Structure formats: C-alpha cells, structure tokens
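Could you build the full structure based on these sequences and the hints that come with them?
Number of protein chains: 2
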Amino acid sequence: MKNRDFLENKKRILQKLENAKNNGEVDSGIIPVLDLINSMDDYYTSSSCFGRIVLMEIPVIGDKKNARWLGKWHHKINSGDVLSAAKDAKRGQLWLLAQCPIIHVVCKDVESADKLLKLSVSCGFKHSGLKSFDRNIIVEVLSTERLDAPVGRDGRFFCDDEYLGLLVDVANDVVSKSSEKLSRFKDSLDKLLNN
Amino acid sequence: MKNRDFLENKKRILQKLENAKNNGEVDSGIIPVLDLINSMDDYYTSSSCFGRIVLMEIPVIGDKKNARWLGKWHHKINSGDVLSAAKDAKRGQLWLLAQCPIIHVVCKDVESADKLLKLSVSCGFKHSGLKSFDRNIIVEVLSTERLDAPVGRDGRFFCDDEYLGLLVDVANDVVSKSSEKLSRFKDSLDKLLNN
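If you're matching them up, the sequences are chains A and B in order.
For the first sequence, our numbering assigns the number 1 to the initial residue and increments by one for each residue that follows.
For the second sequence, our numbering assigns the number 196 to the initial residue and increments by one for each residue that follows.
Everything labelled a hint here was simulated from the structure, so no lab data went into it.
Predicted model only: the values in this text are computed from it and were never measured.
Where hints are given, some of them may not hold.
[Claimed, not checked] Some, not all, of what chain B presents toward chain A, calculated at C-beta under 8 angstroms:
{"#": "1", "residue": "343"}
{"#": "2", "residue": "361"}
{"#": "3", "residue": "368"}
Glycine included, each C-beta is placed from N, C-alpha and C at the ideal position.
Right, here's the structure in full:
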C-alpha cells in the first residue's frame, strides 16, 4: 500500500515536471540529472534549482519575503550585467548572491534515502541532509559553495571596478563548481543505476 | 541493547563536553542550550558552534583546507577589528564570513529526531536536517542567515569605509539574529521538556 502511494505520487509529480519542462520553467542544466534520478525505481525529484547568480534588494538581512529581484542568471556573468541590473536599486540592502544547485528527492524508504545521502556527500554535496521523514522521505542534495555579499545600500552601489571584478570571478566560480559537481553526481548515479 | 549503546555513548560524550567546557573550548553563548538538550532523555549534543564572524584568506573558493585565519570573533565587531586583522593578508582571496549557530544532536530514535527537527525549523533554524541515520541518528540544527563576502585579493583590501561599515552591520546582524533564535529555541525546548 505504501509502495502504491509512492508510485502514484511519483507518476503525478513527474507529469507536473513534464509540463514545467515544456513551459521552459525548469533550468536546462539540471534536466539530465533529474531525468536520471526519475528513471530509478526508488526515487523521484520534487523540486530543484540548477544554481544561480542573483542581484536583489532587501530591507534587512533574512527578509526574503520583501526582496526585490533586480537580476537573475543561470550562467556566468560579467561586471556589466551587475552594473546594469543595479541601476534599478532604490532602498534597503543590495545583495549579490551565487547559489549552488539544490535538488529535493523523494525516496521510497530509509535505505534508499541513506544510499542517496551518502552518494551526494561523496560527490561534494556536503550540505545534503534528510529534510523530512514522516509522510515523505525527502533528501535535500546541496553543496557548500556560495557567495552572499551585500554590495550597496539605499540605491548606492559600493564596489569599484576591481572589487566588482573579484565578486564576479567568485560568482562565476560557484557556477563552474556547480556544473562540475552535478556532472560527478550524474556519473555516480549512472554507476548506481547500472549496478 | 540499542538503548544501552545510546546511554553509554551519551555518558562518554558528555564527559568530553565537560572537559572542553572546563578548558574554555566551548562557546559560552551556546552552553545553556547544550545543557538543556543534554538534560533530556532522548538527546545529546555531539558538536556545536555559537556562530562567529571570521576573516580568512583562501587560495580559491571552497579550499578551506588551505585557509589562513586572520580574525575570529564570537561577538559583535567594528570596522577597526577587521582592518586590524586584514593587515596580515598576503596572498589569495580575503573573505569576511558571518556564520550562524550550528548544533549536532544525537537522537535516541527516529521519532525523537522528527520532533527535534520540526521544533528547530519552527524556531527559525530552517536549514536543519537529518545528517545521518544508520549507526547514529543525528539532527543538524542550522539557520539561514550568513555573510560570505570576498573583501580583498593578494594582500589588498577592497572596501572603503562606508562599504566596510555595511559589511560590519550585516555581520553584526547575523550575530544578533543568532542570539535571538537560540533564545527562542531554548524556550521551545523548555516547553517540550515540561510537557
């Protein structure tokens, strides 16, 4: 019965994922990994993000509810991208963020969750963990690289060209590392599937 | 038998914690929370950090192995603290970090882990998760606020006074929020203990 629930939910969620893919709402860089996970009997993905670079304005730290998004990129950027997006800054703290990939995977049972968690950590996703284990057993696959830098306040941008260059280099490094780790994760999943 | 293992390990680890406390190796701000958790039958703490502000030098992002620590503070700071620590910068990326509290709690069983995880999330520790569930069931209590900002390269410090002021404000905000959340967590644990 529990297994039937898992399979029914998997079917339903994967149909939603197909629709989201068709509408271009899923980050293309992460689709091969999602497809591979979803091809395995014991798992399905419930949400994901490839990782991104974000310029946003918030009243104070942590107040994401009232964030205004000025720029969002799923690829490497240059200083001009940031400067151009920063022109819309008005009030509050201006932050440049680079976030690594995140994938939520529903697992059939505790054993399959354990296997996936160990695999994730071994591929460098060292902040991975089990987020829920009552109705759904959910593993969050998450890495450690990130940039969380305030870069301005109340419409003023604080970085000179050289410093902005450093921030952009670091943000782009997060994007590169993300791709590398996802690719390593995909290879390891492939091996798991073929064993 | 499993319960006996749990109790024996708890006794051993708490003895280590007492020694560490006596040697001043445990962040004092977090001790009341640790003591409360350790007074509960179903839990014991295996490691913790109150949160901190750090100035460090790394060759490239993620290479924590080769990090050089130039400054570490468990309290609010001012710009002078950072400038003074930054004088020792030589090579590679210079980062200013502010990290929120982290506590690893070993749980007696899956039910007690579930209870603690839900309590942690409800107190604002939204990045909490189960990190291990084979031999030891370990919940990581972790919040979301943080600052991860590169502030210089190869011995040069990139922030002017106004920008450094913003970074210090944000780092100090992380310290304040950490204290608030720990205090809320302690109150909720108190209620759990008395119910």
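Can you give the numbers of the hints that this structure goes against, from lowest to highest?
Failing hints: none at all.
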